[in-house]
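Q: Letter by letter, the chains look like this.
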Amino acid sequence: MPINTGLAQVSEHLLLSTVIIYAIAMLAYACDFAFGRVRAPESAPARAPELVGAGAGKAGALPAGGPAARPLDGADAGAPGAAFTSAATPRPGFWVRSALALTAVGLIAQIAGILTRGLSEHRVPWGNMYEFITAITCMAVIVLLAISLRYKAYYIGLFVLVPVVFALGLALTVIYTPAGALVPALQSYWIAIHVTAMIVATGLYIVGAVTTVMYLLADRHERRVAAGLPSRTTGIMLHLPKPLILDRLSYRTILFAFPVWTFGIMAGAIWADQAWGRYWGWDPKETWSFITWVVYAGFLHARATAGWRGRRAAYIQIVGFCCLMFNLIGINLWVTGLHSYAGLS
Amino acid sequence: MTDVRVPPGSGSEEDVRAAPAPSPDAGPPPSAEARPAFSAGLRLAVTGWLRWAWRQLTSMRTALILLFLLAVASVPGSVIPQQGIDPAAVAQYYTAHPALAPILARLSLFSVFGAPWFAAIYLLLFVSLAGCVLPRTFRLAGSARQLPPRAPRNLSRLPMSASYRTSLTPAEAVGSAAGLLSGKGFRLNNADGWVAAEKGYLREVGNLLFHIALLALLGSVGIGGIFGYKADRLLISGQSFANTPTALDQFRPGRLVTPGDLQPFSVTLDRFTAHYITSGTLRGQPSSFDASVRYTDRPGAPARGFLLRVNHPLSVDGVRVYLIGHGYAPVFRVTDGAGRVVFDSPVPFIPVEQTGLTSEGVIKVPDADPDQLGFAGVFLPTAVDVNGRLQSAFPAALLPRVSLVSYAGNLGLNSGPSQSVYQLDLAHLRRLPVAPRPLAPGQSIKLPGHAGTLTFTGYRQWASLAITYDPGQVPALISGIIAIAGLLLSFAVRRRRVFVRAHAAPDGGTVVDIGGLARSDAAGGFETEFASLAAEIMASHGGRQPAGTAAAGSADDGGSENARYGDDAGYDDDPADNYLSAPADNESALGHDEGE
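Those protein sequence lines, which keep their order, are chains A and B. The opening position of the first sequence corresponds to residue 1 in my numbering, with each subsequent residue numbered one higher. The opening position of the second sequence corresponds to residue 1 in my numbering, with each subsequent residue numbered one higher.
Isolated chain B (complex conformation) (with noise of 0.2 Å):
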């Protein structure tokens, strides 16, 4: 995977044999277009471009200019309120900036992270990564079987080197140099006179394994999108539901989930407890959160009771549910002009504010005779007047006060596309004249012209649900612990290697070399490996160093040595020597590539 730029159509020595010849005995094509000579040059030039754009593509340049696309990408999906994530902020968004929303709605600027072109960007790096991570496994696999490289002939110009001279034979020293470096994990190459160790695959092993990780990570990712389903579900306490798609307020399944695929559990919320610090300078934050429910497997399966908190979800049938949310549902009683009650149930009013729990909703009465009836206003759970202006002092319900605006006419509830419940169609409503005044519970509203009364009768809370599958998660964990073991694993080894030579002095004695690189040792620390690795030779060698010689020097130690760089022309066909200059060429996307 080193990063040759073959120009385009200039297919390599390896293209031009890759390129099937124009057979002679073959006949003419049937098209005269498409001459043999011209259809092979094209072929070539095809090929040619292809292998072009894959090395261009499993380069680490690519990779890394990927990875910074990638999070430049990311940064509009902090910025720029997402559908997914806060869809009442993009409403706002529209409403604030209309002439700009739609362009950038267009561009998927609402919906960042499920972009087309941010999935181009993190796809196209994967396959670079694949591209990368494949042939280096194999070629792993392969220099797994392969021994060390033999000895240069000229150790002293290794990035780590030392000397002396001992008494043993050559034989010997070697031997026991070679005994030494098993015992400590080396694999070896031995021959005569010199040996070869090498140690720290694990450290590619851990490279692999992180990247192969990631790869997992996405595909785990793209299994719970396919296969599992998220909804939410807004219960006020005292309700049930079962899980279908309607029951669920919003159902949003993965690509190959059906209706039937959904476990028919079923939730009822008894009762939804909140506990807010009473005193302090945090005088109204919530403390906590309890919703108590009851849950069945299935219908007829007997009824278990949970306390569904935050941070502590409710499991069933390999379905999560959550407590992500809460507010209060005032109660409200409606009777008609006829003197019918035509409404009687809480309404689930949504918080617009946390420190108070000010929350609006609206009434919606289809069934008000001689005109339907509609309400909109605020619940204030702690109402106080400041300056004239009602608002909430506190989060919990100590003097619920309910604002209406009262509307009559036709709801619309029969045409048109489909309301929410949360607001109301003014299209068809006409404002009511009554003078706004807070109801405290038990109060009530009469409307002007017998149109009807409304009837503040009390309040309950509400809890909403998040329910989750997930079946990627499991693989996604798993997947997120191999990356953490591979880097690990690869930062804290080092493949280094290590030789040794002995030959006998002309004066007597044998002279023992020993030389040492490592790869990738970009934070260093190899050093004082190998001088503890030569001191341990020399030391069981009973060996002692020549003058003028450190013990365990570098090899920009010592001025003799440097004068010897580049004088032997022997050493540019040592095997090390791919080796040595491996970290300075290499270009592949993990960055350690072999460049063998």
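Next up, chain A with everything else stripped away, as it sits in the complex (with noise of 0.2 Å):
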């Protein structure tokens, strides 16, 4: 079937508009860190007492050893997502409810971008890196509003948005291709299957690695004042909640992305088999995702390891988001194997 020129433009302009919507979400959560409501003071007494940025401050006051382990122990009954709130507002504020409003607007115009391109090539639209890239950013958008309101974890909007905004827009340019029919080695339904899996996973490790950093920040600036430091990121830190409340947010996208990443290496081996006769090669683009699985799974046992926790597990998870990236950026170009589909010659 011929390709539908006309709705592959249509979808190029909604994923122009997506970047731009983005851009300016990203700024409104960026005028939230400026001008919205500031985190309560730890010291503050009239604090209401089922928020967790407050059982997390008490933390500090304990003495230490046992308890100051476990401060996330909320006590809101109600909401599952109380023990990441930042503030202590339930409600957003007014920059906040207008940059989730844009991100969700941007993501409805990307999903219909997506949609678009995919029923303009009358195929899963993901064959090539371009469309790879549109799909993962879409899915750490998702991941982004999913955790923006069940966890009222408003203040990881700007971080993610930033590199999302970054990528989609390089892949708008430099890495764009017209749309198009697959080669015969991609024409399988296990590109649904495979790919899919790879996109969400993928989606979920950026948001993931987003929170990792923030907490590694967070972290480093809660020993520098401990220490009587002076810290740089106060300003950013009164709109953050706690460390031990984003290396918990990090390490629950982390479990979420595993066994979807575990599952999609598995998808792939068995489309290999389809397709090349073996399950498993280890072509550049399988050996990699070997060792992205295996440096997230030495994360997840560092997570349950006394002194691996932490800022040591946070750094294993930085470097298996390095490796991610390299498998998707570094292998797409530099590397010859069965997996060169990029399109990016």
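A few of these clues could be false.
Short derived list, chain B residues pointing at chain A, Cβ under 8 Å [what the hints assert, rightly or not]:
(1) L64
(2) I85
(3) F138
(4) L140
(5) T281
(6) S288
(7) Q473
(8) L488
Keep in mind that the hints were calculated from the coordinates and are not lab data. No residue lacks a Cβ here, since even glycine has one placed at the ideal position from N, Cα and C.
Both chains are sitting in their own frames, so use the hints and assemble them into the complex.
A: Written as structure tokens, this is what we have:
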């Protein structure tokens, strides 16, 4: 079937609009940091008892030892996400509401852009790097909105949208590939299973990496303050929750991503078996997906092991994310293998 | 599997007990060197060392390090060309880096994933894993038969606690709480004045399943490597082959595969068709490959047709046949100096690039007189002249041309090591002075000195097929599915304990204390479950909150509770204490050891 170029054009316009809307949403999130309400000060007496920002704040006052390791046992029975709230107000302010609305509108435009792209090509629209990046940024924004709404963790918006806008901008300019048909090797229903799993996992990993970087910054800030040293991040930290909350948020994201990634690798193995006659052949892409899997598995084990929790585990997660990005960018651009579908030359 | 670092040789108390004491009535050993005390001490040292080594190997830290080593060890396999994946690239590497390549070869860097050092890492990792998983499986089986430990005395010191008053008697309160918890699937340990409930054993089940499935996956890969085989066969349309080692171009059998084990099917390639996109930016990209084949299960069986495509392999007798490549085989007819037709057949040329499918190949004519003839050259499916150089502009054969260099002399086929059919051994060949001219189908080269004539009569297409037999495939798939199921189970289920104590208050009524703790609840979430559980129990008791106490508060809520930390020495003896401290102290390879 021929490519519907009109529809492909519509897709491109929709995705261009998406970048612009996300950029404005990013500004709105930034405005919240600049002008929005800050987290209740630690010593504020009139604090809603059910809030975890509050519960976590108390941890510092506890005697060193046992309880400090478990400061997040928030007592709010109603909201499952209470444990991740940062601000003392359950209701988001004007800037946050604007940013959320803009992000949602941008997401709708992006989903429409991806759908029209797929319809114009009569196939699943993840056949090259442009389409793949469009899809993983879309997934990252879905995760962002889900976390924002479920856990009321509005503070991650800015930090997730920065890489999303950057990646989507690059995709539409440098990486852009016109709509087209798939090569025979990709003509299989497994593309809808394997690549979709990889997209979902990558979107989750992106949000996990962003929150873990936020955790490292917040942790550094907290340690500097505790040591009486000056910290340049004080302004931002007023809007962020305690490091442990960021750490947990990141961990939860990876907890979702890892099984999906494992499934994606296995679906890929089944597809490889259908297409190439072996389920595992150490193709560079396979090798790096394995390395990524191993490092994230190491992260999960480290999180559960004394002496590796906290910063060390966070560094492992960042190494895992670097492997993921190398597999996405480096292997596509510099290494030739069976997975050379990026459409870049 | 706690990571107790016993210094080497300093056997623990257990070791001393384990070491056989020298028996008084045993006579002196025959050898003067092995005095009993020395021998026992040595044995002690050896067992101490072994124990220490085993603990090190099965510790979490070692497992983590091995895991990272495995990741790091895989990196060169993706950067340096690998013999098993792309032999041509390895050969290229040898010519590009003649000094470095032999060193890399010595270090097995051209076959990383079959290298001894790579095997050492993953085998150690899996031994470490097995050394952790097996004892834990037995322990899980044991704990499934045990009741939850009795409730700690002071529940407010647990991470999660709640307290309220009710008009029920303590026995009624505990009884109704036990009924409620039991209805929610908790296992109970019920006694006078308290109930201990535990739930979430499936977490450890999932955890163990995942790790055991990984071991099984490695085993399945091993089965495939031992009993399976892989082979390639290039088949020009019109040709057939039978599945025997001699008919296969590349035959890579597993360690225990003999030629007799090969399934006796045969395949004929009737026609190969490739379609390409003819317009737009993706012009030249293939859109479909179809290989129309006929196959028979065994000699004499009726032939059946099959349309072999990429992603659509042929299954025959447990073996699968894949379409993995394609190319052109120009057909040549060569007459020698004596005027005899000494060669008339298609010759497969190998593509050197994909956009125009420019292909290279050689023609060897050993039967030519007076000299043997050889030709090397390129086949251009759609030849165009770009600045005086011929290139192929499109992969379909729209304007096929062949450009050849001619040689005469000795092909060297009868001496020396076996040659590749895709290369000429130029050692005893001389180049013939023929003006280079691309040949269209039907055109000929007349070789000088009446050496003969070569005619390019046309072309056919070939398909390369991969034949694989892997008995480890289904076990690997099952292992993979179990691994994911175990992973999901261990992530989704939380192992937690809830305790309820009730006692009569001095001023009348009953005080009910509820405490809860979760192990490896690193992602959080138990606080919510506990809060709703406590609220439910309280509601069923018609309880009310005593002034100043949260309905369901964490232990670090409220200064009065904080003040009580560490003031009760008896708490250390409590069975729940192990459970509490387990996550912080454990160092097992799975990370959630019992610590008991």
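Q: If a hint holds in the structure, say so; if it does not, say that too.
A: Here is how each hint holds up against the structure:
1. The beta carbon of L64 (chain B) is positioned within 8 Å of a beta carbon in chain A (closest approach about 6 Å), and the interface hint is therefore held.
2. A distance limit of 8 Å between C-beta atoms decides the matter here; for I85 (chain B) the minimum to chain A is near 6 Å, and the interface restraint holds.
3. Interface hint at F138 (chain B): violated, since its Cβ lies 21 Å from the closest Cβ of chain A, which is beyond the 8 Å cut-off.
4. With a cut of 8 Å, the hint placing L140 (chain B) at the interface with chain A is violated, because the nearest CB-to-CB distance is about 17 Å.
5. Against a cut-off of 8 Å between C-beta atoms, the interface hint on T281 (chain B) holds, since the closest Cβ of chain A lies about 5 Å away.
6. The criterion of a C-beta within 8 Å of any C-beta in chain A is met by S288 (chain B), whose closest approach is roughly 6 Å, and the hint holds.
7. At a threshold of 8 Å, the smallest CB-CB gap from Q473 (chain B) to chain A is about 7 Å, leaving the interface hint in force.
8. Taking 8 Å as the C-beta contact cut-off toward chain A, the hint placing L488 (chain B) at the interface holds, the least distance being around 6 Å.
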